[in-house]
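Protein sequences appear in the order of chains A and B.
Numbering of the first sequence is given in the numbering used here, commencing with residue 1 and proceeding in unit increments.
Numbering of the second sequence is given in the numbering used here, commencing with residue 1 and proceeding in unit increments.
Since the hints were made in silico from the structure, they are not lab data.
Hints are not guaranteed to be accurate.
Here are the simulated EDC-like cross-link-like pairs (lysine to aspartate or glutamate), alpha carbons at most 20 Å apart as the crow flies [unchecked claim]:
(1) K7/A - D532/A
(2) K441/A - E650/A
(3) K42/B - D120/A
(4) K42/B - E713/A
(5) K249/B - D654/A
(6) K42/B - D26/A
(7) K457/A - E240/B
(8) K662/A - E443/A
(9) K770/A - D301/A
(10) K789/A - D654/A
(11) K653/A - E265/B
(12) K789/A - E265/B
(13) K434/A - E726/A
(14) K121/A - D7/B
(15) K602/A - D587/A
(16) K653/A - E240/B
(17) K653/A - E264/B
Keep in mind that this is a model prediction, so the values were computed, not measured.
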Amino acid sequence: MGDLIGKSVKRVEDYRLLKGEGKYTDDFNMANQTFAVYVRSPHAHAKLVNVDISAAKAMDGVVNVFTGKDIKDAGIVGSICGWQVDFKNGDTMKEPGHPILAVDKVRHVGDAVALVIAEDKGTARDAAGAVEVTYEVLDAIVDPKAAAQDGAPQIHDDVPNNTIFDWELGNKDETDKAFKNAHHITELSYHNQKLIPNAIEPRAALGHYDISDDKYTLYTTSQNPHLARLIIAAFVLSIPEHKLRVVAPDVGGGFGSKIFTYNDECGVLWASKQIGRPVKWTADRTEAFFTDCHGRDHVTDAKLALDADGNITGLRTKTYASLGAYLSNFSTCVPTYLHGTLMQGAYITPAVHVDVTAVVTNTVPVDALRGAGRPEATYCIERLIETAAREIGMDPAEFRLKNFIPPFDGVKQPGYQTQVALQYDSGNYEGTLKKVLKNAKYEKLKKERDAARADGKLMGIGFSTYVEACGLAPSALVGSLGCRIGLYDAASIRVHPTGKVTIFAGAHSHGQGHDTTFAQIVADEFGIGMDDVNVVHGDTDSVPFGYGTYGSRSISVCGNAIMKSVDKVKEKGARIAAHKLECSPEDLEFENGSWTVKGTEKSVGFGDVSLTAYVPHDYPENEEPGLDFTSFYDPANFVFPFGAHICVVEVDKDTGEVKVVKYFTVDDAGNVINPMIVEGQIHGGLAHGIGQALYEGAVYDDSGQLLNGSMLEYCIPRADNMPLFETDSTVTPCPHNPLGVKGIAEAGTIGSTPAVVNAVIDALSDYGVKDLQMPLAPQRVWAAMQQAK
Amino acid sequence: MIPVSFDYKRANSVSDAISLLQQHGENAKILAGGHSLVPTMKLRLATPETLIDIGGIMELKYIEDKGDYLAIGSGTTHCMVESSDLIQQKAPGLSQAAAQIGDVQVRNRGTIGGVLAHSDPQADYPGVVLALDATIVAQGSGGERTIAASDYFTGLWETALTEGEILTEIRIPTDSANANSCYLKFPQPASRYPYVGCAVAMSASGGSCSDVRVGLSGVGEFAFRDSGVEDSIRGQTLNESSIASASAKAAQGRSVLSDVFVSEEYRRAMAQVYTKRALTQLS
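Excised from the complex, chain A in its bound form:
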């Protein structure tokens, strides 16, 4: 190996992206292109009585207007759900249809009812306003728990009690017993609020059906173009898969919201064939608020049982999870297999039981958002842990150290089998906590806090020690749990005749820095320069079938597919080198870009071998020309990063404002390819998680109107809300993948939200405040203090 892996190489993509030279979906244009605007429902729940398109269609510059009936008549049913989670009693989960354009009913504000296509954007927008829709407004339901009760408004005819499934995991009897024998029980009830993703680039699609070769092309804002192609071709529009090319060019962030194949893109592609011209649609910010899949929205009752010595003996939760009005692609796995399976946390809790009821509500569909299920699980555990420690009068750090799973590296010690299905690969939870305690100078910090309080100021310290599961995922395992797709990844390495290299990656970069990280791995392994390697991703016509980027999987899944191809190149290269050096491949060692006969100075370089592979004049017998390999890597297990966070806050006594004044992290993501990129991901993740704790949250009224559907009211965190993060790490390699890597893109989000809330509760401890609902907006904190007075 060379000296690039583990080095903070500057991001090679930034020169282009920071100068505004990225090429995003909306930057692409085609000859004879038209523009689409969706007409969307202003009501959360209403019967669609009539959609009158005559005036819109008659306007100058309008090409065509489609309604739900047109699409239904074409036999198209709309998007699908990719993960089946059945009822406890074995009944199949409910799977209500999600038409591209509403046919009989609208079920959330923003539900599409017509598609207007015009010669220019302005005309399309004007014509959308001229579509006359008659609604008969129905009662709406937005609260997840209330939605499941008898008598709640029925959203889909085929989903009684709005219940998609109920589900449980863990050992109910053992857990009941633990609570029955408990010395102390800690209880919390909370709403893990609905979050709106707000990627900086809104979703967009440019669809084109080319009659000359009977092929479709779709440029779109996707985190996983191959999956988008599979869903659109095989399930939504019935296009032969080889006749559809999906291109996800530069994508301006996703946070999960661009994993999913939305109906909007399908509608654009379908319409392009109907009108025989390319169709472009770009969401505006309002549409992003009302149609990008939201995250979280769990209403939970949670309990923790302790014995007399402060040992945790059981954990039990009951959650009502809203999936929104329709089932988005992976909505069903988020509150179940990405949430319930994480309820062990970092603790040796011997009995765990998780119960989840998933419901539909008259709100924007809910699916994976940065962390996806794991932030909800971590919030639950870490709030319980800290509350329990406070209740029994034990220091929260000490309480954690007492209950942690002991260190295991997954090699000398086996992986840790949890009570909730997963087997952790490797972990050293006390290692990260002890290090962060030292970095934060915890004892001194406590004195500062106590001194501040004595001085009339409210300062608080909060912890979070998370374990997360990412690197999705072993295909057969997830398949046995109801997943309808594979979750391996793929990568090709094409060594060119001149020794330059192109990586074709199945993962998709939309901010993660793959152009740098992937190139670092390959340049390091081949002993060549960063400039000698480039990365291609996002085009189904050129990259092998990988499953894209989400769940902190790019390095641990696609990165290891790259490693497999690297090994294949090296093996074949060694055979070619051996031929040139007149020895056997076993006599060679590869280092610093050359194959050398062991113990001699005889060597041949990577470039020479590459050229020989493509100009095979003096060449091994029976060896194929070329140096180009594709590999698929299906992980043996999830990877399990972990870490310890300490958050320090100050609360303004007069206003209730919370200021995060210090934030310490020690994260462990296994081996690290680029520490700078990892740190950047931690910073972004922390901002996202702190955002949920303090600022973010969709607010609906009882009629299903989203009251903060714009940047004026919905607060996403900004740089000046953040303290200087003090990050550090430990390294516990992943034992089951070649690179020994885990994942880091979601860890900051997963770990930080409870740390912030724990810190605020600590700051308010003199007021006897035990719990607060997120976001901890100033008014809420102020009201809690007033109440206590």
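Since the structure of chain A is provided, determine the placement of chain B on it from the hints.
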């Protein structure tokens, strides 16, 4: 985010703008910095047929010392107000308000006249010009007139400007109270408009308050002078207890904005907190 189509006229002078306004009547809107109007148009909440752009009129961009008062052209940007030495010396509260509006991009384009003409209840300046006892100068086809700030704000998005008039100048008295003024803001976390913006101008001698003016932005349907607070502290020795009892009167007897995010109770409480902080700062 595409507005309904509209005509665009660029005015080259104030008189040009006035005649364009006369010509296009009630369906025309004046465009200054555009940071309130354009987003509203993009959301199709405003659909003017004609925009008359006064943003390029250089004669409206100035800050001048006229002896008794500072004259600020209505086209003066927030950035110019924020960074003016003259304003920092003679009316620091105005400079502080300008510095807290939006972000750098907004401050580089947005204008003081635009904000005051729009009279958004959530804007920063209105409370400040009240506290500074400013005079608003308007020009119309009938010539120029002056309006006291205390008569200027008449309702939610409503002012004393009449149809066909353009706000041309803001006059800030150069009195001792204005030289000792401040603006403190409790921002809504998302928009950063004030939940409460409190401007105070105070002259004090020998530790007691000889004159004081208090203007509150963001609290009611439009900005207002808070005479309850003023009367309570005027003539008093400035100390913790006099300030506490004066600020407890903030927004008393006023109708106060409330919504799902901020209750009336909380807004009233914050008006008191910020009034107290502002009075304390100037004492």
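Hint check results:
1. Between K7/A and D532/A the CA atoms are separated by roughly 17 Å; this keeps the pair inside 20 Å, and the hint holds.
2. Of the supplied pair hints, the one linking K441/A and E650/A holds, its CA atoms being roughly 18 Å apart against a limit of 20 Å.
3. For the proposed pair K42/B and D120/A, the alpha carbon gap of about 16 Å is at most 20 Å, so the pair holds.
4. The hinted pair formed by K42/B and E713/A meets the criterion: a straight-line CA distance of about 17 Å does not exceed 20 Å.
5. A hinted pair counts as satisfied when its Cα atoms are at most 20 Å apart, and K249/B with D654/A qualifies at roughly 16 Å.
6. Of the supplied pair hints, the one linking K42/B and D26/A holds, its CA atoms being roughly 19 Å apart against a limit of 20 Å.
7. Restraint check for K457/A and E240/B: satisfied, since their Cα atoms lie roughly 18 Å apart, inside the 20 Å limit.
8. The straight-line distance between the Cα atoms of K662/A and E443/A is roughly 15 Å, inside the 20 Å bound, and the hint therefore holds.
9. A threshold of 20 Å between alpha carbons decides the hint, and for K770/A with D301/A the separation of about 15 Å falls inside it, so the pair holds.
10. For a cut-off of 20 Å, the pair hint linking K789/A to D654/A stands: about 13 Å separates their Cα positions.
11. With a C-alpha separation of about 16 Å, the suggested pair K653/A and E265/B falls inside the 20 Å cut-off, and the hint holds.
12. Taken as a hint, the K789/A and E265/B pair is honoured in the structure, with Cα atoms around 16 Å apart against an allowance of 20 Å.
13. Between K434/A and E726/A the CA atoms are separated by roughly 15 Å; this keeps the pair inside 20 Å, and the hint holds.
14. The hinted pair formed by K121/A and D7/B meets the criterion: a straight-line CA distance of about 18 Å does not exceed 20 Å.
15. Taking the CA atoms of K602/A and D587/A, the gap is near 11 Å; set against the 20 Å cutoff, the hint holds.
16. Using a Cα cut-off of 20 Å, the hinted pair K653/A and E240/B holds, with the two alpha carbons roughly 17 Å apart.
17. For the given pair, K653/A sits about 19 Å from E264/B by alpha-carbon distance, which is consistent with the 20 Å threshold.
Hint compliance for this structure: no hint is broken.
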